[in-house]
Every structure is written in structure tokens, then in C-alpha cells.
Amino acid sequence: MRKIKLYTIIYVVLFVFATVQVLVEFAGFDYWTGLVAILALSAVKAVLVAGYYQHLVHEPRSLTALMVGSLFVALVLTTAAAFSIM
Amino acid sequence: MTEDAHAENGHDGLPPQTAVKRWLVTTNHKDVGILYIVTSLFFLVFGGVLALLMRVELWTATQTVIAPGAYNETVSAHGLIMIFFFISPFAFGFANYVVPLQIGAEDLSFPRLNALSYWLYLFSGLLFGTSFFLGGTFSGGWTMYAPLNMPAYTPTVGGTTAVLALMLFVASVTVSSVNFLTTMHRQRAEGLTTLKLPLFSWTILLTVWMMLFAFAALLAALLILASDRIVGTVYFQATEGGSLLWAHLFWFFGHPEVYIVFFPALGIMAECFQTFCGRRIVGRKWFIAAMVLVAIQSFFVWMHHMFLTAISLEIKTLFMATTIGISLPFDLMVFALIYTMVKGKIRYTTPFLFSFGALVLFIIGGITGVFLGAVVLDYEFRGTYWVVAHFHYVMVGGATALFGGLYYWYPKITGRMYDEFLGKVHFVLYFVGFNLLYFPMFVAWETPRRVFEYHQSFVAWHQLASIGGFVLAAGFLVMFYNLYKSLFAGEEVDGNPWEYASSAEWSVSSPPPFENFPGLPSYGDGRLRFLTPGRGGEVADGGTATGDDALDAAADPATESDRPQSDGGTVTAEAARPEIARDETADTALPDAEAEEEHPDHASYWPLAIGLSAYVTFLGLSGIRMDTAMYPALTGVGLVMGAFSFVGLGRESFHVPEMAVAERWPFEGVENGKLGMWIFLASDVVLFGSLIGSYVFIRVAYGWTAWHVVPHDPIPGLINTYLLLTSSFTVVLALVAAKRESTRGLVASLGATVAFGVGFLYNKGIEWQELFHEGTTVGSSVEASTFFLTTGLHAAHVIIGLLIALFMIAQALKGAYLGEEGSRKVEYFGLYWHFVDIVWLFLFPLFYIL
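From first to last, the protein sequence lines are chains E and D.
Heads up: the first sequence begins at 1 in the working numbering, then just goes up one per residue.
Heads up: the second sequence begins at 1001 in the working numbering, then just goes up one per residue.
These are computed hints drawn from the structure, not numbers from a lab.
The beta carbon of each residue, even a glycine, is placed where N, CA and C say it ideally should be.
Treat the hints with caution; some may be incorrect.
As the list claims (entries may be wrong) - Anything over 10 Å on all C-beta distances counts as not near chain E; from chain D, calculated:
{"hint": "1", "residue": "P1147"}
{"hint": "2", "residue": "K1343"}
{"hint": "3", "residue": "Q1456"}
{"hint": "4", "residue": "L1464"}
{"hint": "5", "residue": "V1686"}
{"hint": "6", "residue": "G1689"}
{"hint": "7", "residue": "T1705"}
{"hint": "8", "residue": "D1837"}
Stated by the list, open to error - Here's a subset of chain D near chain E, in silico, CB distances under 8 Å, partners left out:
{"hint": "9", "residue": "M1303"}
{"hint": "10", "residue": "Y1454"}
{"hint": "11", "residue": "V1685"}
Stated by the list, open to error - Derived CB-CB ranges, DEER-like:
{"hint": "12", "chain 1": "D", "residue 1": "S1327", "chain 2": "E", "residue 2": "T33", "range": "55 to 65 Å"}
{"hint": "13", "chain 1": "E", "residue 1": "G69", "chain 2": "D", "residue 2": "W1059", "range": "43 to 53 Å"}
{"hint": "14", "chain 1": "D", "residue 1": "E1820", "chain 2": "E", "residue 2": "T64", "range": "18 to 28 Å"}
{"hint": "15", "chain 1": "E", "residue 1": "G69", "chain 2": "D", "residue 2": "R1740", "range": "28 to 38 Å"}
Throw the hints in and build the complete structure from the sequences for me.
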């Protein structure tokens, strides 16, 4: 039952963060401030889902390293390609 | 399989090797390896004939034999066939056969997926071959540069078929990568730590890691290209960096691909140098470290293929430095191989000659490549025959070692020795033909690539090259004759025909028994031993696997510390404990009465059926925009066949054993199925990352803030976020219910997941329909294309998830998936579903808000 309670709390947090993302859009922040805030909220949500719903917090760290590594590969492609035309 | 069928077949549930049926249903790694080798040799001949056609055309400086368009097709198809359908699959034939033997595994972790990889490979190659008959195959070069890859320039149905064939090939590679990584990290014999892996296995391990990430980027590129050609998106024809985007995606795959092709060859060179010099490779640990470094660096050099494009000078300079940097570890490996020869005593057998030849050719290819890594020189050489000569010295240089591998493992695979004299004749023809073919290209380097007309002053050099091409081809006639003749008339060999071979495949009979080993392999006190648990933990000597005995008689320069070893760990009392051994007996089908009763089945038709379905589906898709009902009908038939086959695969009872005692670093405590799913998801991260990266790249080129977000309102996207988050929550509840053995809870939770998923798709459908009514279509702007394709691919993931969930509900209603063990499949499905959720968490802000 404790597990279900934890999962429910996380679900509520995810729900609220999704709503906040849209509110940030309408809050009238500077564009780049809003962008950073919205993407940061997405990142936090992703970490919560991966950590608790996919149980990465309870798995060996090597699995986390695997996923972080693949994300790093995608980021290298994205940032270097974008930088090449700036 | 029924008892009768077992009686009819062997105890492994497979027909004998002489029966055609055997090769259609087998999932055994050795069978699959042979299938890979034979099929890849067929594609070698296919691509080789195309090469000879080119050399005939290039005999004179003007167009003569092949029509201009056909020449373009020939050049493109030759490159694509050799790189995708020959070299890597050839190497993976050996990997399939040898790696499980070298690491002490009975088979790969997922035997049916291994068979599926093969069938997807075969049908992708057949699909590519079919493309010739659909108005002509792709003719824009093997690099498929944009905008040449657009229908405006390559308009044939066959061109699209070729693109889809490559997508199918990538699917095969991805399945294979997941399988090999799971196997090599989870099924190594006790004591065989990662560092102690034989060098061929090391190179395969690094190769599959590179494949996992590099091919995901290629898949993204091909998905976008297929979408541009079939659906009508406008990524690569976008003026906002469309052609540069292709180059980035393609070369992000393309440069690691060079090492993906070369590393297995390097592994064979290392094995052959050790075996035929009679000593362990010099600086083994440094050799391994250099390979690891190259594998990592390979993802940081891709822009040296783009020095002639409009990318900034700063990034060109940076990538020039990284390119020079990647040559340094290779220097170390080359010197290690040379010094191994110096310190050992060489036996000039055919495998060694090919391995040595590969080293020489690679050195020439490597040095000439450094020129291309320098920005200023590349301005001059790019697009000329210098590049053609250089990469053939590297790529075909690598293939040279693979042919050495074919001779090296031929006695192991067939149980008979090849004809040594004919082998050497092959080598001489090969080496002379190779250099006669490719070296003149360095001299006539100003000849433009991919063009059938060139300056008259180069005629003699090109004629020399054409003669070389035919000499090279003649060598292969000798090889095929030798291999065929030896199959029946070759001298029979025992387990190890090579005096100083030291890896584990040589410790068993030739060919090896079905289960590979006579007991549970274990490395203790530096030797390979087989624990025979059914007889109370008795230990059998693994024979020659350490090579120590043999090396007592080895070359005098070899000291004790230099000898080849299979570097075992420590044999512990635990390893030989009878109770652990008995567990292993039940799980690994060791020759034990209990295991005999279980009849582990190694036969399945479903991998073949899925491969055939994919062929039919992709063939239909390639012409679906044509004004004929045939292509949509083919697509429909293929999809129905695919659905039927996947359900068949899912329902089939198939025993996949996990080794009870094994080295599993760094994934101890993660069972095979779960690790396989995580590795697949890692590749999916790169796939979606590449698509999102493409969006970011085009938006940067367009002007980030000038970009128009396609949906007018973020609220439908927010509602979909709520729906997916809720569906993730219900999947978690499904797992809890499964662990509590509540069928009702499990079915209800999965049912809710399906309902929320359908709601997500319905909401998306409404949103898309509104956009279409407003005149916003997939091809109306690059903003619309990125929106529809990226969110569409995500929706496709949702649909696949829903189909799996529906299948699981049907199974759950019959009482499946309950308890700790049974709930694992629910957990694996959850991993996938949550990943789809996570992707949406980024798509929502990027495509609806920002």
C-alpha cells in the first residue's frame, strides 16, 4: 500500500507540473526565461517517471549510466550540429 | 513442439542439418552464424559484379557500356550492398558462431530474436534487390545526400524501396545489438571478466555498442527520408538547412560505421596474429584501452566528412583536431600487432597471410585518410578518387581480415580443413588484384567520383585498375572452389587444428556439439574447465583453451608472461558446489536426464514469418502513392501477416535458459529480459533524440524565435499530457496488481491504460483533423513537417504499446503474468510505456508551447 501511495503522490506532482508548464507560457515571462523554466520542468518530470515508475532508483547504477549515456549521445548530435551553423 | 515432433527431430527439436526445414526454423547461434556467412557471401558476389560492371565502363574515358542513369544506380547500389549487406553481416556471421563459444554461453540470450535479426537482414537485402525491378534502384550515391535523395532527383519507386530496405536492415541491426549486448554482459563463463575476454569478442562487444547508437541515428535519417518520399514532409528540401541536416544525421552514423566495419576485422587480426605468432599480443591491456578510446571518439569526428559544406570554420577546426586525435590509438594498435610479429615466430598460414595483408592495407588506408582529416587538403581531395582509394583501402582492407577469419574458423565450422595451397593462391590473387585495383586510384586521384567520364590522361591508370578488379574477382573463384571442395574432401580435423589457438571455441570438437560444451564452462586457475554438475560437481579439463601446454613448445622469444592465455579468474568452491550445478542443469539443458525431459525447443517459424511480413509491408509502402491498388493491398496484407506472426511469436512456448552462474558485470541483478528492454530503450532515446535534434537544427537554421508553433492552442497538448501521465500511473497499478496475483486488478489496470491511450490518439486525431481543415498539411511548411512527423512517430509508439497491452489483457484473462516471476513481462511493458510517456513530456513543450 505504501508503494501505491508513493506512486499516487508522484502522479499528482507530474499532473501539477504539466499544468504549471502551460501557466508559465501565459505568465508573461521573458521568452528565454520561460523556455528554460518549461524545459527544466519537463526534465524534472522525466526524472520522476524514470526514477520511480521505471524503478531506476532501485536498479543498479549501470542502467542509469546506460540511459544517461544514450541521452548524451543525442545531445552531442543536437548541440554540435546546431553550433555548426551558428 | 509435440512429443512426436521431438522424436522425429533431434533432442533439440530441430531437423537435421541436411533438411531445408532446419534452416528455416533454427534459432541456434551456430546455424544462424552459417546463414549470415552464406547470405553475406551472396551479397559480396552481387556487389562485386556491380563493381566489375563499373570497371568495364571505366576502361575508356567516355561512356560506352552502361547508360548514364544505370551507371549512377550501379555506383550507388555497389556501395550500399557492400557496406550494409556484405561487410557487417559477414563479420556478424563469425560473431554469431564464435562469440557464445568464446564467452562460454550455450546460445545468445534471445535465440528467436537472433533468428529474427537474420531474417530481417535477408529480407532487407531481397527488398533492396527488388528495387532494381521497380523503375530502377536508388541512384544518388551510397551517402544519399540531400537533395539528390528527394523524389525530384531520384523519382523511381525503386529508389524509395531501397530506402525502406535500409530501414529494415537497421531494424535487424538493432535487434541484433540488443541481443549481443545482453548476452555478452550477462552470459560470460564464471571467471571470464570483461577485461579477460578474447580479443575478437572484445571487438564485437565494442562494435555492438557503437551499432546501438549509430544505427539509431541512421534510422532517424531514413525515417525522415522515407517520410519525405512517401508522406510528403519537406525536411530535406527545406532551404533552412535541409541538406545539411541529412549530412549531419548520416555522418553521425557514417563515421562510427567505419569502425563498426573495421573492429571485427581487427579482432580477427589480433586472434590470428596471436595464434600464428605463438604469443599473446604485445600490450594487450593497452590494445583494449585503445579500442575503447576509438569507440568513444568515433562519435566526435563526423563533421570531417562535411568540410566542404557551409558549417562554421570553428567547428571544422575542432573536428580536424578530433580526427587527428582518433588516429593516435590506432597507431598503438598497429605497433602492438607489428611488435607481436617481432617477438613471436610467424607461421605463414592462409589466415595469417590475410590478416597480415589487412594490416598492410589498413596502414596505407589510414595514412591516406589523415590527409582528408586536414581541412585545407580536404578542400582539394574531396569528391575525387583519392577518397575512393582511401576508403577502399580501409573498408576492403578490413574485409581482407574477414576473409582470413573465414579460413581461420572454417575447420571449426565444418570439421574439415581447407586446401592450404589454394588458400595461398587466393591470397596472392587477392593481394595483387587489390593493389592493382586501388593503388592507381591514388595516382589518378583527380578523377571525379561517381562519374563515368574522366580525363584522357588517366586512361592507363584506370585500365590497370580494371585489370586489378578482375584479378581480385578471380581470387574469389579460387576461394569458393576451395571452400566447396574442402567441405567434402578436406582433411578431417579435431577440436583444435591450430597449434597455438587459445580461445575457448578450440576446446570443443569441430563442429561443436549443439549445446557447445560438455558441461558448465568455468575459468579457474587460468584454465578453462567444464563442470559436469549432473555427476556431483566433477570437473573436466577444457583441453587446449589456455594454450599453456602448447606454448611450452612455442617460439623461443616467447617468455612465460607473453603466452596467450584465456585469463581465467579464480575457481571458487562455490562454483563447483553441486547444488548450484544442479540448478544450472535445469536451466541450461546440460546433458542430464531432467533436462532431457523438458525438451527445450530451438525451432520457431515466427522469425521467418515476421521477416517475410516486413518484406511485403515495405514493398507495398514503397509504391503506396502510385495510382494502383497493388501497393496498398500489399501493405495491408503485410500488416495482417505481421500482426498474425507477432501474436504467434508471443504465444509460442519457448524455453530460454539463463545461466545460473556467470560473470555479469556491470548488470548484476538485472535479468536478461529487463536488460534487453533497457538497451532497446537506449537506442530509442537516440532515435527520438535525433528527431528532436533535427527539429532543433532546422529551427536554429530558420531562426529560433521566428518559428511558428503549429498548434494554435497548447490545451489539446496539455490534455494529452494528462492522459498519458494517467496511463503511466495505471501501468504502475497493473504491475502492483500482477505482483499481488490479482487478475482482476491487472486486467482493469491494463484496460484503463488502453482507454487512456485510445483517448490520447482520439484527441490527437481531432487536433490533426482541424489542422488539415485549415490547410496545414504535412508538407505545407517545414514547421508543419517537424510537428507531424515527430508527434506522428510518437503516436506510432503509442499504437504499438496499445497493441501489446491488448495482447497482454487477453493473456491475463487466462491467468498469465501473476506473481513475482510472472509480473516481469508487465514490468517490461511498463518500461516501454513510461518511456513513451517521457518522450511526450519533451514533445509537448517543444511543439505546443515554445
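Requested in this report: Could you work out which earlier hints the structure fails to respect and list their numbers in ascending sequence?
Outcome: 5, 6, 7, 8, 10, 12
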